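Undergrad: As a plain string of letters, each chain reads:
There are 2 protein chains.
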Amino acid sequence: MIKCDIGFARKFIEDDAYFKARKKADNALDQLRDKTGPGSEWLGWRDILADPNDAELEQIGSLGEEIRAKADVFIVCGIGGSYLGAKAVIDALSPHFGSNGPEILFAGHHIGGKYLEEMLTYLKEPKEDGSAKNIYLNVISKSGSTLETALAFRILRELLEKMYGEDSSEHIICTTSKERGLLNKVIDEKGYRKFIIPEDVGGRYSVLTPVGLLPIAVAGIDIRTLFYGAVSAYNQYEDNAEDLLEYAALRNAIHESGKTIDVFATFEPELTSLGGWIQQLLGESEGKEGKGIFPTVATFSTDLHSLGQFIQQGQRSLMETFIIVEKPFSKLRVNEIEGDGDNLNYLAGRSFHEINTKAREGTTEAHSEGDVPIVRISMETLNAENIGKLIYFFELLTGIFVYSLGVNPFNQPGVEDYKKAMYRLLGK
Amino acid sequence: MIKCDIGFARKFIEDDAYFKARKKADNALDQLRDKTGPGSEWLGWRDILADPNDAELEQIGSLGEEIRAKADVFIVCGIGGSYLGAKAVIDALSPHFGSNGPEILFAGHHIGGKYLEEMLTYLKEPKEDGSAKNIYLNVISKSGSTLETALAFRILRELLEKMYGEDSSEHIICTTSKERGLLNKVIDEKGYRKFIIPEDVGGRYSVLTPVGLLPIAVAGIDIRTLFYGAVSAYNQYEDNAEDLLEYAALRNAIHESGKTIDVFATFEPELTSLGGWIQQLLGESEGKEGKGIFPTVATFSTDLHSLGQFIQQGQRSLMETFIIVEKPFSKLRVNEIEGDGDNLNYLAGRSFHEINTKAREGTTEAHSEGDVPIVRISMETLNAENIGKLIYFFELLTGIFVYSLGVNPFNQPGVEDYKKAMYRLLGK
Chain A
857 MIKCDIGFAR KFIEDDAYFK ARKKADNALD QLRDKTGPGS EWLGWRDILA DPNDAELEQI
917 GSLGEEIRAK ADVFIVCGIG GSYLGAKAVI DALSPHFGSN GPEILFAGHH IGGKYLEEML
977 TYLKEPKEDG SAKNIYLNVI SKSGSTLETA LAFRILRELL EKMYGEDSSE HIICTTSKER
1037 GLLNKVIDEK GYRKFIIPED VGGRYSVLTP VGLLPIAVAG IDIRTLFYGA VSAYNQYEDN
1097 AEDLLEYAAL RNAIHESGKT IDVFATFEPE LTSLGGWIQQ LLGESEGKEG KGIFPTVATF
1157 STDLHSLGQF IQQGQRSLME TFIIVEKPFS KLRVNEIEGD GDNLNYLAGR SFHEINTKAR
1217 EGTTEAHSEG DVPIVRISME TLNAENIGKL IYFFELLTGI FVYSLGVNPF NQPGVEDYKK
1277 AMYRLLGK
Chain B
857 MIKCDIGFAR KFIEDDAYFK ARKKADNALD QLRDKTGPGS EWLGWRDILA DPNDAELEQI
917 GSLGEEIRAK ADVFIVCGIG GSYLGAKAVI DALSPHFGSN GPEILFAGHH IGGKYLEEML
977 TYLKEPKEDG SAKNIYLNVI SKSGSTLETA LAFRILRELL EKMYGEDSSE HIICTTSKER
1037 GLLNKVIDEK GYRKFIIPED VGGRYSVLTP VGLLPIAVAG IDIRTLFYGA VSAYNQYEDN
1097 AEDLLEYAAL RNAIHESGKT IDVFATFEPE LTSLGGWIQQ LLGESEGKEG KGIFPTVATF
1157 STDLHSLGQF IQQGQRSLME TFIIVEKPFS KLRVNEIEGD GDNLNYLAGR SFHEINTKAR
1217 EGTTEAHSEG DVPIVRISME TLNAENIGKL IYFFELLTGI FVYSLGVNPF NQPGVEDYKK
1277 AMYRLLGK
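Order-wise, the sequence lines are chains A and B. Here my numbering = 1-based position in the first sequence + 856. Here my numbering = 1-based position in the second sequence + 856.
Please keep in mind that the hints were generated in silico from the structure rather than gathered at the bench. Nothing here was measured: the structure is a model prediction, and the numbers come from that model. Take these hints with a grain of salt, some might be off.
One copy or any two copies: either way a pair holds, since identical chains are not told apart in the list.
[Said to hold, decoys possible] 25 Å max Cα-Cα, derived PhoX-like pairs, lysine-lysine:
(1) K983 - K1183
(2) K1018 - K1187
(3) K1018 - K1183
(4) K1018 - K926
(5) K983 - K926
(6) K867 - K1147
(7) K1147 - K879
(8) K1275 - K1147
(9) K1187 - K1284
(10) K1041 - K1275
(11) K926 - K1050
(12) K989 - K1276
(13) K980 - K1187
(14) K1187 - K867
In isolation and in its complexed conformation, chain A is listed as follows (with noise of 0.2 Å):
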């Protein structure tokens, strides 16, 4: 279970606002419900665990063994939500050294020039027995027209044409729209393996399609554990979702009192990338019409050394969001040494783990007592079935705070304005 605790945050929000928010925060759920909210045309995401597929997670489950059997490199070409929901699952429940697998590697994600020249370069050389890498690459696009994957691809592509000749399209699989979009007529014609985005699920919502899981399953994650895990969080907020609405109320309230930037923090390395997935999913979803709380993101206690100081007395603008992990995951302790050079062993035996917790714990009462409103939303251990859960929790919570602004959670039209001035620059 996903636990969320607005205590921190609760007592700077006087009893009148907060429950008016609370109550559009009832509304947006029962909108959400009875899809009658606006863009409810893309409520697939909560359609997908209502009723799962599950031979397509088998399906997905074999490929990604059979990846993993097979290939040296494993490149994710996409952009945006096409790349961030497996980014922050890989690095959640992967080694921070070394590999058990393919090495994963990202592209189409920018038009940086020497990232990819640099790339190319890398897949060419062989591996250190003298024989060449076997790469496989899973193109990443609904339409197939995004300026940044599209032009990775076609690169990556020619790459592995010259490398395996006709056999090149045994080591390309595309995710993409059903039948439309440009990456249908290339897998007509070439033959390339092909999973479908649900129409009905934007980018942001879609790491628990064949967008996030192929990858995921690639790097060796049990997917079907992760799967089950947010369906059982969906199961539990269909019957009581009373967690996400005091969140949702409380965050509308900070919203009206002016507060601009939300922190979302976490205490271990591993999450970081998860808080690009959240920063993506709300501040696509609430950014609009002048509103929203810029979500931001920091890993604690690193940038305690670089945000901690404006957060503790910079301008009162912030709220955070703590992610927790409660239950320690490594077992390293500290060890005692003659002499206690460092001053630490009165530290001696205890883990690294109980130690960050004592640090969390005076972050939260100095940010605290620095007037800032912290939300501590914490799961018990780090495994694939408690992500799944966190995942549909920061789903269905973006789902609710954003229709309780009056705003439609699933839409982003500013994304198209740079998109059209830099086409016309181009001369498209």
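Assemble the complex: chain A is given as a structure, and chain B must be docked to it using the hints.
TA: Coordinates of chain B only, in the frame set by chain A:
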């Protein structure tokens, strides 16, 4: 030369407000030069450029070469200003894939047990040829008592002592205070090599001292060129700091106008970590007494697909600062393909740099029309000299801007608050 263009921001500020802020900036620069402002005992970051220590540069450079020749892994053990500068420069100027020297790892920048435990396992694993990894460790801490760094150093030192016995002292280099601090005790005892952090240079201003320079040298970057880039910027701005005064005045006026967030954005993925360095430099300097514009970091066009919607149409409390590289540093061009299945043949023959530039221009136009003030900081090419110039540009800008707010740019009293609470909870 670093170019600074406030044209896309100036129009949002009334003349009266701007000229009032400009006066404050002029006074702030006088305070810096005359050493009459609060915290003026911390201006060593200017003095080291006024009077370069060539002998020390030489010494650091040759140790860097020695380590490059011997080490497989080089660990930078430090937090905040003790690693962010080195990471910024190394990421800006190193290849994305593969390596041209020792692998550079970071430790001591958080209390994550899983990270450190997995690092230990990785360090102990032999190389592909079966031989042991040759590991060097640079611990960086003025006081030697910063918890995150001291804990990791205790653990890593034990590993090196097990691996190398008495020779471990050859593998450990300390960067610390001249005389005070806990590391000096262990240096005397063990005979570690030592570099000195000048007493009058604070952590976030220390990248051009041994703090940053040794790791940067180990990464194979010419530290003399980097350093003398900064020296030339120092001389230039001692002569004429008009650009910086304009920028500081503009940012002050935007601060007064109630904007709360400054998105430092680059279109070059190489420069993402430089954003992290700026975030600490500015954020920890300005975020006091309820003041400051919260600095946050984005990489475009990547984050146009996550934060772009909010920046374009969300709550209007943002400004942006673009860090720009004008000339291409990659020759990668778009290839032509038969059939034009992805409709990109209209770009065939054009460089990624050119397309990325159009993305930047389109973004500038779109965000500007969305009422976001944009400051553009640009360098001609991405190299060590220009990064050195950019470092001093932002150090000086920080000093001027923060003095113009009426705040001491050189202390960080708020960082102590979480530490105090944490140490109490740990029973120290």
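Undergrad: Checking each numbered hint in turn, tell me which of them this model violates, lowest number first.
TA: Per hint list: 1, 3, 12, 14 violated.
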